[in-house]
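J.: Sequence:
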Amino acid sequence: MTPRERILKAINRELPDRTPTAWWVRAELVRKLAENFDCDASDVAAKLGIEGWGSIGFDVEFPGYKERCNGKLEGDMPYAGSEYIFRSEDVFEDAYGVVRKVGQDRKYVEWVSGPLVNAASPEEIDFPVVGQILDNPNAAAEVQKQKSEGLFVTAGIGNPFKTAWEVRGFENVLTDYLVNREFLETLYDRIYDLYNELTRRAVHAGVDMISMTGDISMQDRMIITPKLWREVDKPRMAYWVSEAKKINPAVHVFIHSDGNYEEIIPDLVEIGFDVLNPIQPECMDPAKIKREWGDKVCLHGTGSIQKTIPFGTVEDVRNEVIHRIENCGYNGGLVLMPSNVIQYDNPIENVIAFFETARDYPLEGVAVSKVMMDDG
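Quick note: the sequence shown uses my numbering, first residue 108, plus one each step.
Be aware that one or more of the hints could be misleading.
Stated by the list, open to error - Each computed DMTMM-like pair below joins lysine to aspartate or glutamate, with the alpha-carbon atoms no more than 25 Å apart:
#1 K403 / E433
#2 K116 / D452
#3 K352 / E369
#4 K395 / E471
#5 K269 / D201
#6 K352 / D150
#7 K154 / E433
#8 K252 / D124
#9 K173 / D233
#10 K154 / D452
#11 K139 / E369
#12 K179 / D201
#13 K173 / E190
#14 K341 / E456
No wet-lab data here; the hints were simulated from the structure.
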């Protein structure tokens, strides 16, 4: 079974030959793993059995931005490797006008401001338009090439809630839900106009899955109430999915949010999402989600990065992986990965144990034993 076939089986809720895996990981940790395996950093994922993932994207043009850039963010922190407008040594502005600051340890960055923080009326909203999307005439050929190489091809956007608060300010957006709805909905419509077209082009190119990533939840509940989410976010999210499905009804639809969003899973399924990430185990019970929704969605994630991987023993990690496969992957429907970015200081022996256990643990017996338990 090719990596692509394995991923498709799992996402289609059929039993693959083994549990497919994925990861988001800090570059520092990849270098440590490469040293451990005595291989190039580019070969580490395959050493761990993480394989089969491809992607494409479309660029957005920001007139005058490149000319204003005056430096490259160096290091391993998020957003590193690109050119920005530096306002000082550690404060930089991106193409959307979002300003961030590098932390003192140069490991992370923090949000500072956005271009709409002080905007008072919808007329002041300035956000990229569809005409700024750059054409990619080779997109379909790129997708087909990746598929022919055994890859499952994805394309993604940010969650417009996250995009909105980055350009507007977190507290401002939360306030807008309550007292400035016209501004918020106008901003959302501008964001979705751009993201809808980016997604249409990706689906026309033939991607297997579209994804929406950005947190809408905290550890124990959603950031905004489900009622407000259903009033403002859900209709626009439903349209985003429907536009993709018009082009390819079989395209898979993925959502990522840390935290507990269990209360809106019925809404997400209704809209057409069929891959839920990360089902953070400190916030939601993966086995419960599997029991209640496993016939409609694939669980993508479920590995603990708040407890087990950073602080557990190797045996703890192995036991968690086995427990997750037996309780969530018995009939497919599981892509196993840590529930967010594996941090630079996590023990490499735990990371290796996580992926090697997932790679090597047999599924045949799991499926049989689970069926026997269900029948009993």
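J.: Now tell me if each hint is right for this structure.
T.: Hints versus structure:
Our distance criterion of 25 Å between C-alpha atoms is met by K403 and E433, whose separation comes to about 18 Å. Our distance criterion of 25 Å between C-alpha atoms is broken by K116 and D452, whose separation comes to about 34 Å. Pair hint K352 plus E369 holds up; C-alpha atoms about 24 Å apart against a cutoff of 25 Å. Between K395 and E471 the alpha-carbon distance is near 22 Å, which keeps this suggested pair within the 25 Å criterion.
The suggested pairing of K269 with D201 holds, with an alpha-carbon distance near 15 Å, which does not exceed 25 Å. Between K352 and D150, the direct Cα distance comes to roughly 35 Å. Violation of the 25 Å bound is thereby established for this hinted pair. For the hint linking K154 to E433, the alpha-carbon distance of about 24 Å falls within 25 Å, and the restraint holds. Distance check on the hinted pair: K252 and D124 sit about 24 Å apart at the alpha-carbon level, within 25 Å; holds.
Distance restraint check for K173 and D233: the Cα-Cα separation of roughly 18 Å lies within the 25 Å cut-off, and the hinted pair is therefore satisfied. Restraint check: the Cα-Cα separation between K154 and D452 comes to about 20 Å, which is no more than 25 Å; the hinted pair holds. A hinted pair counts as satisfied when its Cα atoms are at most 25 Å apart, and K139 with E369 does not qualify at roughly 36 Å. The suggested pairing of K179 with D201 holds, with an alpha-carbon distance near 11 Å, which does not exceed 25 Å.
At roughly 8 Å between alpha-carbon atoms, K173 and E190 fall within 25 Å of each other, so this suggested pair holds. As the CA atoms of K341 and E456 are separated by approximately 41 Å, the hinted pair breaks the 25 Å bound.
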